Amino acid sequence: MISNKELHDKYIKKAMMPSILCAGCGNGTVLNATLRAIDVLDMDLDNMVFVSGIGCSSRLNAYINADALHATHGRALAFATGIKAGNPKLDVVVFTGDGDCAGIGGNHFIHAIRRNIGLTVIAINNYTYGMTGGQMSPTTPQKSISTTSPYGAIDHPFDLAELAKAAGAPYVARWTIAHPLQLQRAIKKGLKNNGFSFIEVLSPCPTSFWRRNKVRNFETIYNWYKENTVTIKKAKEHPDKIPIGELKNIDKDEWTDLWKSLVSEVRI
Amino acid sequence: MIRISEEYCKGCGYCVFACPTDALKISNKINFRGVSIPLIDEKACKMCRLCEMICPDFAIVVEEE
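One line per chain: the protein sequences are L and C, in this order.
Under numbering that gives the first Met the number 0, the first sequence has 153 at position 154, and the numbering climbs by one with no breaks.
Under numbering that gives the first Met the number 0, the second sequence has 0 at position 1, and the numbering climbs by one with no breaks.
So here's chain L without its partners, still in its complex pose (with noise of 0.2 Å):
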């Protein structure tokens, strides 16, 4: 297993280091598994785009030694569907937030998932707008204090993983930064996979959601990940808990495949 010195040697740049990120963000845990699964399948990362949103989780890009793209808010998706659709052989991966990705961009989620084209999706849930101030995001859970819901959030959440899964993505993962070397294999089976991998990391924010929910012990925070989250063969028997795993694993017709068969078919 490849040490964190060679890890950071190897891919990121170290003008940019140590990251801007607060202390207990899990973004970094995120992107430290997100190397060490390009590492272990020995991906070229001139091969690859990294392409992100706008919020905390799409500032993640700007420290792999990789090609990035940094685009508008929420359009992370629409944005790196023209890279794959541009250039096939590329990998693309993109980093998204829960504001950037179930927010403003709901509607590229589901519609870059309708077409099934072959992106790996790393989408980060710290349950709140982080980068803006801690305001309730589409996923903040009921009850939890933000800056625009001060005596508690009634709105039903949205849960991204289902919502992938029902939307018909063919790889469907979630886990914690609790949960390193699960997390990693999850990404490298959604880097192998060759159509629309959603993989759902659940997060911690200390600054803006933690500490607003009267929460400032890293401790405690670390601890919840682990007890509020149970494994889907587990989740039958405990129904208020998270269930965390592999989702969904199937194979689809990839849309750039099909677009190439397409072409072939009707050029004279």
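Any given hint could be a false lead.
[Unchecked claim] Interface residues of chain C toward chain L, partial, derived using beta-carbon atoms under 10 Å: (1) 2; (2) 8; (3) 9; (4) 10; (5) 17; (6) 32; (7) 34; (8) 38; (9) 44; (10) 49; (11) 51; (12) 59; (13) 61; (14) 62.
Just so you know, the hints here were simulated from the structure itself, not pulled from any lab data.
Quick caveat, the model's predicted, so the values are computed rather than measured.
Backbone N, C-alpha and C define an ideal beta-carbon position, used for all residues, glycine too.
For chain L, the structure is supplied; the task is to place chain C on it using the hints.
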């Protein structure tokens, strides 16, 4: 051998909570950021390297001697 970069560590302590053998502990040692750097117990380490995988800042390195 466990090494922690004082320049990169932000003191979140996720490595300490993730460690199954208590080889890392919260300490009073403070770095230039004013955060606590974990205390290392080399003998307790079983080389599972979970701390390396969970570290959000690439600050911790576990290597065989």
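Hint by hint, here is what the structure shows:
1. 2: This hint holds: residue 2 of chain C lies near chain L, its Cβ roughly 8 Å from the closest one there, short of 10 Å.
2. 8: Residue 8 of chain C check passes; min Cβ-Cβ to chain L is 9 Å, inside 10 Å.
3. 9: 4 Å, holds
4. 10: With a minimum Cβ separation of about 6 Å from chain L (threshold 10 Å), the hint on residue 10 of chain C holds.
5. 17: 7 Å, holds
6. 32: Since chain L brings a Cβ to about 8 Å from residue 32 of chain C, closer than 10 Å, the hint holds.
7. 34: Given a least distance of 7 Å, the restraint on residue 34 of chain C holds.
8. 38: Hint on residue 38 of chain C: violated, closest Cβ of chain L at ~15 Å, above 10 Å.
9. 44: Since chain L brings no Cβ nearer than about 14 Å to residue 44 of chain C, farther than 10 Å, the hint is violated.
10. 49: 7 Å, holds
11. 51: With Cβ-Cβ at 5 Å, under 10 Å, it holds.
12. 59: 6 Å, holds
13. 61: 7 Å, holds
14. 62: 6 Å, holds
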